[in-house]
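One line per chain: the protein sequences are A and B, in this order. The opening position of the first sequence corresponds to residue 1 in our numbering, with each subsequent residue numbered one higher. The opening position of the second sequence corresponds to residue 1 in our numbering, with each subsequent residue numbered one higher.
Quick caveat, the hints were computed from the structure, so don't treat them as lab data. Just so you know, even glycine gets a beta-carbon here, dropped at the ideal spot from N, CA and C. Mixed in with the good hints there might be a few duds.
Examples of chain B residues lying across from chain A (beta carbon under 8 angstroms, computed) [claimed, not checked]:
hint : residue
1    : Ser59
2    : Ile72
3    : Gly74
4    : Asp92
5    : Ala93
6    : Thr103
7    : Pro141
8    : Arg214
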Amino acid sequence: MGKQAKPADNTAHFQRLYRIVLTIRRAEEALAELLAEGLIPGFIHLSIGQEAIAAGVMDALTPADTITSTHRGHGHAIAKGMKLDAFFAELLGKDAGACRGRGGSMHVADIANGMLGANGIVAAGMPLALGSALAHQTLGRDAVAVAFFGDGSMAEGLLHECLNLARLWDLPVLFVCENNGWAEFLPTSKQIVFSLDRLAAAHRIPHVAVDGNDAAAVAQTAGELIAGIRQGSGPMVLECHTMRMRGHYEGDVQRGRDPAETAAHAARDPVTIAAKNLSPAQIAKIDAKVTAEIAAAIAFARAAPDPVWDDAVAAVYTGAA
Amino acid sequence: MAELRYNHAVNRAMADAMAADPSVVLFGEDVAGAGGVYGATRGLRDKYGGKRVRDTPISEAAIVGMAVGAAISGLKPIVEISFIDFMTFAMDAVVNQAAKMRTMFGSQCSVPMVLRTQHGGGAGSGPQHSQCLEAWFAHVPGLKVVCPSDPASAYGLLRAAIDDPDPVIVVEHKALYATRVPEPDALPILPIGKAAILRPGHDLTIVSYGAALRAVTEAAVALAGQGIEAEILDLRSLQPWDEAAVLESLSRTHRLLIVHEAVEAFGVGAEIAARMADIGFDELDAPILRVGAPFMPSPVAKVLEQRYLPNPDSILAAVRRLLA
């Protein structure tokens, strides 16, 4: 939702972070219901448990900054400023959707707000962020690019290529790893033999780790790293330790997941953590506002017309629709 | 007399585009310092600076992905992939990202990028440096593919590709870089999607593109000696391809042969043949024939490679069947 002037009173900042964390949570809970209702085409990957990262990182960005996302990208889109009407209409495959119903959950994008797309291909967003950073650098813009990726991406060779290029060309890019410990249906520990801090060090890129469930902590750390990048430090890696409270995709029965792990989630819930500095009255006010906004957006999306075939066909190349 | 070489025409197209538009940038393996494997980018860094013309590490997946990100963020990148065989490492960026973004993002953006690469055999480069993989890209909605056969079209099509708002794959041919023609009076930008008649004729139509046109022309000269006039169409663009021009020629000659260096099976020729069998059925006096490489990897030994590539003899054999 962009960077406003840092409020002298931290309460406003905490309220804003809480509002974004809660908006993502409530939006995705609603998506789970809409999916069960059969209204969402395809499958969806929820970021429930990871909302604080999107809220915190985006808190440090301006609308001119760009991000690339992952298959778990709803929160990134919402935090970067995508309108809820356009978000829900897209998820429901409607013409009023951000991508006119052609992209859906895995491809939500809001180019005007610098959200260069969720991505159905693991690790594919990273080089896109590099390219966006290259454009910022070449055109002399005061902007940075952020590449969100999951710990599953660490097994893709593309991460190494991108870290190397980012350092080689000192690109204004922040790599944000959302490390939830799971890569699809297998714990990351059973897939990866190295740690991200060592990989970053091998590429001479500073690595900072943060509690990814604490929006204020993420905002603070991301803010410092991004300020450095704006001043010309070159690339940075921010590793956010977090948790995937749901399955890989919605409906995943999560075979082989230790119930103790999911039970421990409640104590680390990003919504609860984001609320801890607010009064019950402040929380209730934001809850009511978010609930109403989401209900209105869903009503809008349900009523919105379907996409038109001729428009979709004509959009493959530039020049027509 | 002044002459224009194919690789110089490619170079001039990029130089002119960079002069005209400051958002055009060029990167790839050895394009800046070395000037490209085939010398097509020589001197561009000196002219336009190291910020706009950059050498990259050998990271095809990252550099093509980077071009896509740059293209949706205000630049018009040209990336050189020195052999089309190396595109395999960059396929996600091309197929899943660049090609689909416009549709997938609801027309929020276009992806104005150019991938320059080269294909083809004749140099004994072997199975991983000689392939003609252009049909892969022509099969993907959202991409455009052009294949220039001579210096003038190398210039004109590359300029058009750089100006184009959508991703264009420009497939040059390694055997053509040193070819030269008298310096043309003018070098127009050539529209993507338009074929050109290289040689008029009325007895049959031969549709081809790229370096295969050299063998086609040799065959046509031999046929003329026998009183048979073949019309040669240079497709120039493979996606979109000039269906109207092929149909128009077919409607005059009533016989169609398609020749390409790429493997014949499932190739560009298959698509053209299928379309003409549909919309040109009433014009046909004979089955549509194709000449392409056999279904095997490109071999190295000269004796094997010469037989592998389409040549005047294999083309003449097909023409005899077509006229029988």
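Verification of the supplied hints:
| no. | hint | verdict |
| --- | --- | --- |
| 1 | Ser59 | holds (4 angstroms) |
| 2 | Ile72 | holds (6 angstroms) |
| 3 | Gly74 | holds (5 angstroms) |
| 4 | Asp92 | holds (5 angstroms) |
| 5 | Ala93 | holds (7 angstroms) |
| 6 | Thr103 | holds (5 angstroms) |
| 7 | Pro141 | holds (5 angstroms) |
| 8 | Arg214 | violated (31 angstroms) |
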